[in-house]
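Engineer: Next come the chains, spelled out residue by residue.
Number of protein chains: 2
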Amino acid sequence: MSGKKNPRETTLTEEAYQKLRWDIVSGTLEAGSPLRLENLKQRYGLGYSPLREALNRLHSERLVMSVALRGFTVAPLSLTEMWDAVDTRIHIEAEALRRAIEFGDDDWETEVISAFHGLSLKAKKLEQMDAPPMEEMKALEDRHHRFHRALISACRSNWLLDFSDKLYVETERYRFPVLGGPRARPSRDLTLEHQEIMDATIARDAEKAIALLSRHYRRTGETLSARYQPDAKPMAAGASA
Amino acid sequence: MSGKKNPRETTLTEEAYQKLRWDIVSGTLEAGSPLRLENLKQRYGLGYSPLREALNRLHSERLVMSVALRGFTVAPLSLTEMWDAVDTRIHIEAEALRRAIEFGDDDWETEVISAFHGLSLKAKKLEQMDAPPMEEMKALEDRHHRFHRALISACRSNWLLDFSDKLYVETERYRFPVLGGPRARPSRDLTLEHQEIMDATIARDAEKAIALLSRHYRRTGETLSARYQPDAKPMAAGASA
DNA sequence: TAAATAGATATTTTCGAAAATCTGGATTTT
DNA sequence: AAAATCCAGATTTTCGAAAATATCTATTTA
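Residue numbers (my numbering), protein chains in the order written: chain A, -4 to 236; chain B, -4 to 236.
Keep in mind that a hint or two might mislead.
The list treats identical chains as interchangeable, and a pair is accepted whether it falls inside one copy or across any two copies.
[To be verified] Pairs of lysine to any residue residues, derived as SDA-like cross-links and limited to a Cα-Cα distance of at most 25 Å, are as follows:
| # | residue 1 | residue 2 |
| --- | --- | --- |
| 1 | 120 | 85 |
| 2 | 36 | 187 |
| 3 | 120 | 7 |
| 4 | 203 | 160 |
| 5 | 120 | 163 |
| 6 | 119 | 202 |
| 7 | 120 | 55 |
| 8 | 14 | 63 |
| 9 | 133 | 66 |
Since the hints were derived computationally from the structure, they do not count as laboratory data.
Remember, predicted model here, so these are calculated numbers, not experimental data.
Take the sequences, apply the hints, and build the full model.
Structural biologist: See the structure below:
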């Protein structure tokens, strides 16, 4: 299409980062497994420098561990860590949501509503598929993130938003392997949960919105706990939040 | 002493990281100024790779900014950002302190007391010097950090501790240039503030400890605000927390 | 046999040249 | 004159070989 010779869209470091991140979050690279530079060079067709920079970035996001002269490994999964992430996320986002509800303007409301619709449409679509392709699941994740971020985007604190993003990534890792597994239990209507959170938010009912959001996260944690078999395969199947 | 030829203590990346971090926090590298690889290579006598990795790490700590193919700059300072960091820190550490007070055991109490003494001794020593050498100020910073971290170390949340560390670094940047400037106003007895926080903490009076800690941070913010001359030199002088 | 040592191999870390990309100024075009 | 185009120089990014370090295995020593 575009005439240029090899118009690289981004840096190779960015490419390495995206691919590694995906392979870790999706579970393709198993928790705990070592990340040998030579392997990665092979696997992604990239040089040492971009790989190394990507690995360092992932280290700062806690997706990979790194020991001084012994290289990198995929960060392990554990229920304890999962609950820490969930609880901390509730603490951070409760405050962020409170402030967003206080400060949010019309554009913010619009973005929240728009993000909710984008998410619910995609969710409905995926529900009807039997084995949604990876691309679709990735897209669902994006919209899910966009919705939760939109809720708190008007909080006026870069630090709270930053921390929230970090925790989103972390929890994504626990949710993802479970997505698209055995049909999410009918006992939970995620779209409804999202809608209720949105409604309370738009209605500027901070306490209610916070309570609903917290419950939403806690329920997801519980679902994941239930599905998590420490000693079997890393994780089994069926949740989202 | 040790016989080995050139027994490198750490990786060069670590060295680059420490030196750059110090030069940024201490203000030697001015906020906003560009960080050209060639310069840094010269200045620190290191190659591209370790410098780049260190810069990426500092980027994740928000001490440097980076734009895709345009390199790195020292992150700017602003009162707005400073207050965001202070407020967020209060929110994070209030929760962490509450939990530490709930969960902390004897070893934790011991560490808190020990850290307090280490800090107050060093502070007293520095107060009596006219122009404390950089090394001493660095040591004071370390002990200060150790004290505040000890307070919350028993909170049982790696994420809260992680975020607290991040915010410590950020606020350090605002405090440091001001340290050792015009003698800290006698209107503030920092050692006393620290002691009161410690006492309430050890007494397991969570509400009081949190109130004192929050006030401690807020006061520091106010001191820094007062000393901050947006259009003059980056910052002027006289605070700590 | 267990511990210690040494050599061989595997792996990470670092280097500086080369490739890719950006920037600013001069030149051309509208 | 203003906008667009095209250089030359500056700077970042990437590469793969070389150096440094860790790990494993075989051998020796106690």
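Engineer: Have a look at residue 203 and residue 160 and pick one of within, between, both or neither, based on CA distance no larger than 25 Å.
Structural biologist: Within one copy only: 23 Å inside, 32 Å across.
Engineer: Up to 25 Å between alpha-carbons, please classify residue 120 paired with residue 7: within, between, both or neither.
Structural biologist: The answer is neither: 33 Å in one copy and 51 Å across copies each exceed 25 Å.
Engineer: Check residue 120 against residue 85 for me: Cα-Cα at most 25 Å, and say if that holds within a copy, between copies, both or neither.
Structural biologist: neither (29 Å within a copy, 43 Å between copies)
Engineer: At 25 Å max between alpha carbons, let me know whether residue 36 reaches residue 187 within a copy, between copies, both or neither.
Structural biologist: Classified as neither; 44 Å inside a copy, 56 Å across copies.
Engineer: If the cut is 25 Å between Cα atoms, do residue 120 and residue 163 qualify within a copy, between copies, both or neither?
Structural biologist: Within. Shortest intra-copy distance 23 Å satisfies the 25 Å Cα cut-off; inter-copy 45 Å does not.
Engineer: Could you place residue 120 and residue 55 in one of the four classes (within, between, both, neither) given a Cα distance threshold of 25 Å?
Structural biologist: Close neither inside one copy (34 Å) nor across copies (36 Å); limit 25 Å.
Engineer: If the cut is 25 Å between Cα atoms, do residue 133 and residue 66 qualify within a copy, between copies, both or neither?
Structural biologist: This pair counts as neither: shortest intra-copy Cα distance 29 Å, inter-copy 30 Å.
Engineer: Is it within, between, both or neither when you check residue 119 against residue 202 at 25 Å Cα-Cα?
Structural biologist: So residue 119 and residue 202 fail the 25 Å test inside a copy (29 Å) and across (46 Å) alike.
Engineer: Checking residue 14 and residue 63: alpha-carbon separation at most 25 Å within a copy, between copies, both or neither?
Structural biologist: Both, since 23 Å and 18 Å are each at most 25 Å.
When held up to the earlier numbered hints, the structure conflicts with 1, 2, 3, 6, 7, 9 and fits the remainder.
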